[in-house]
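Enquirer: Generate coordinates for the entire structure from the input sequences, incorporating the hints supplied.
Read top to bottom, the protein sequences are chains A and B.
Once you know that position 251 of the first sequence is 243 in the working numbering, the rest is easy, because the numbers rise by one and skip nothing.
Once you know that position 371 of the second sequence is 1673 in the working numbering, the rest is easy, because the numbers rise by one and skip nothing.
Because the hints were derived from the structure by calculation, they are not lab data.
One or more of the hints may lead you astray.
Pairwise CB distance ranges, derived in the manner of DEER restraints [stated by the list, open to error]:
1) A:T69 / B:S1504: 25 to 33 Å
2) A:G156 / B:E1601: 35 to 43 Å
3) A:D135 / B:G1687: 55 to 63 Å
4) B:H1664 / A:D157: 45 to 53 Å
5) A:A131 / B:S1504: 52 to 60 Å
6) A:T69 / B:E1601: 15 to 23 Å
7) A:H195 / B:R1478: 31 to 39 Å
8) B:T1388 / A:L78: 46 to 54 Å
9) B:R1360 / A:R170: 48 to 56 Å
10) A:R252 / B:S1335: 19 to 27 Å
11) B:G1344 / A:D135: 27 to 35 Å
12) A:E169 / B:S1327: 24 to 32 Å
13) B:W1620 / A:P158: 30 to 38 Å
14) B:D1353 / A:V144: 45 to 53 Å
Here a beta-carbon is modelled for each residue, glycine too, at the ideal position from N, C-alpha and C.
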Amino acid sequence: MPGVEATETHLPRHSCRVLEISGIPSAVGEVGEGAPVVFLHGAGRLGGTAWAETLADEYRVVLPVHPGFGDSGDDPTIDSIHDYVLHYLDLFDELGLERFHLIGHSLGGYLAASFAVEHAARLASLVLVSPAGLLVPEAPTVDMFRIPPQDVLGYLTDRPERYGDPDAPPDVDQLVERYRESTTVAQLFWERNFDLKLARWLHRVKVPTLLLWGEKDRLVPAAQAPRWLELLPDARLEVVPGAGHLVLGESVDAPAIIRRFLAEHPQA
Amino acid sequence: MLSADELQFYFMHFMPYADRPADESDSVWVDYSNSHYDPGVGKRYYERYVDEMVLADRLGFDGLVVNEHHSSPYSTMPSCTVMASTLVALTGRAKICIFGTPVNLTYPNRLAEEYAMLDVMSGGRTELAFPLGTGMEYWSNANEIAPATARARYREALDVIRQAWTTDGPTTYSGRYYNYRYLNVWPKPFQQPHPKLYIMGSGSPGTIDLAAELGFGYSVTFIPITQQLAAFDRYRAKVTEAGGTPRADSLILGVMAYVADTDEEALEEGRQHILFYFNNMMRTTPRYLAPPGYVELGEYRRRIERMLTQGVHGNTDWETLTKLSRVVCGSPDTVANAIAGWVRDAGSSRVICHLHLGDMPHWKTVKNLTLFAEEVLPRVRRLIGSDAARAIGARAAGEDAAAVGGMHAGR
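Expert: So, in structure tokens, the structure goes:
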């Protein structure tokens, strides 16, 4: 299928095209060549994907944009995590991706874990970075819909200055896009920000799994990790000291840890 | 042309909880703590407000309007059917206008039952309007009702209620949000097949079109005059387009008024409470006004642009308010002239009168209601009546002229 030029600002150095996937314009960035690695972004996309460049010398990194975000189109009938799983099955068919490494961050981690529950056989490995989706009563994920906009950044990072000038005048386009993306997230998380059934089925993820967490994550606390380790059959944990929720962009160690993990699990 | 006889005036009460400390909170909705609520004070408010509604009935107002909001001192009527039930029991003449419960925030069969109960209990005195509910209501009701689905749920819930009232049961209903194996509402409304129905809107084209499509009336919330008039024009055009004839009693407009012997006295006594309403009761954040998915992106963009230029609720000044909206403080003549003009412009024969606002004390509300009923209403009727007389005169004169012209042309 022919792709069209896209203007995905988060992917400055990647090739980016927009594919039509069962009626939904779906933006897909790509960088590098080699064994395929798919990255599923989180709800905010604030951290960007520049870190993925560090894998490009050895891997084909595929960076799709979820429906309802950025240059991808909206489809109000995509309103459950399972719908996203099915959308990605369509997308992976289109890209000819049979077997690959899957990385997901935050909301994307929840999506990656859900994909793995149903399709573990297609994964060479799984990396869950500060994954959402699990109910851990003693260290719950913060309900972002309860957080006033001016406080949101504080939950994502210790270094808000890296993400723009808070005193800059509001940009209408940006505010509208943020409302659009929050509507997309609300389709999944308005009722609750976890999946009651996820814990019941994580035993099906029979694939080497890396859990990666920022030590100071205020949104999805690293204290949830033990529960994931208990439920996942083949997982290990790496905690990045000092990093917050946007651990991939904030610490050079994080991509390096992922790189080492991928190397341990070459394509079968 | 309206006739004075068709004009009806409804007294509407928000029943606010005004007894609270001055504060700088961003919002008095959703997260404004109920630690500020004192049930003892609340009981006195209910007694007082119900007295005011009953007085309005005795003074000859044609309707008593209740509505509902949640988690805010703006209104202490989170269930307007509860209050309507009290009014049914304590009044005997005025219509009970339930304007109303957001049908998508409850089960539509249950609302069909409650409204039918009230209509039967009152011997057919109810009128009903269906609001979508403000954005704020979605933050403080069950999370399972996502704001992104509000409009679709609303539409479906209206279908359920209409089916429940227009087709004898048991029937079935199969929808995306509501499914009924046995839809069979007992009791049925006293007014058959149902009371007069309105859609409550704030000027959104989609809502106006829906009212016209369903054959409902359209009652508009308190938005600026130009937006109200545009909404009414659209409604009439849509009804006409569908082959109907727009009726003056299908459009309800709202006015805020305070009456005293002189303009000066009315301003002195009334203005502060109306401003209190706008600046202290309506104060909330853009986030609460528009939860994710509650408005379409185009509408959201318009709102953001408006907010960036005009600010949000909470900094209303009197001059702007009285210029843009149907707000008047004055002598009976001043208020009557203003209202007659608004009614003429709107072509509507139903007027919601907000005569208690904000922290207005009981004595002022009683004074305002009494003067409005005894001094303003007769004047408005006279003004509209003389319009009609003039119009009949003008039409007669016009017909003569046309007849003469015709004769000339004929020659």
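Enquirer: Give a verdict on every hint.
Expert: So, going through the hints one by one against the coordinates:
no.	hint	result
1	A:T69 / B:S1504: 25 to 33 Å	holds, 28 Å
2	A:G156 / B:E1601: 35 to 43 Å	violated, 26 Å
3	A:D135 / B:G1687: 55 to 63 Å	holds, 59 Å
4	B:H1664 / A:D157: 45 to 53 Å	holds, 52 Å
5	A:A131 / B:S1504: 52 to 60 Å	violated, 42 Å
6	A:T69 / B:E1601: 15 to 23 Å	holds, 21 Å
7	A:H195 / B:R1478: 31 to 39 Å	holds, 33 Å
8	B:T1388 / A:L78: 46 to 54 Å	holds, 52 Å
9	B:R1360 / A:R170: 48 to 56 Å	holds, 53 Å
10	A:R252 / B:S1335: 19 to 27 Å	violated, 50 Å
11	B:G1344 / A:D135: 27 to 35 Å	holds, 30 Å
12	A:E169 / B:S1327: 24 to 32 Å	holds, 29 Å
13	B:W1620 / A:P158: 30 to 38 Å	holds, 35 Å
14	B:D1353 / A:V144: 45 to 53 Å	holds, 47 Å
Figure legend: structure checked against the earlier numbered hints; hints not met, in rising order: 2, 5, 10.
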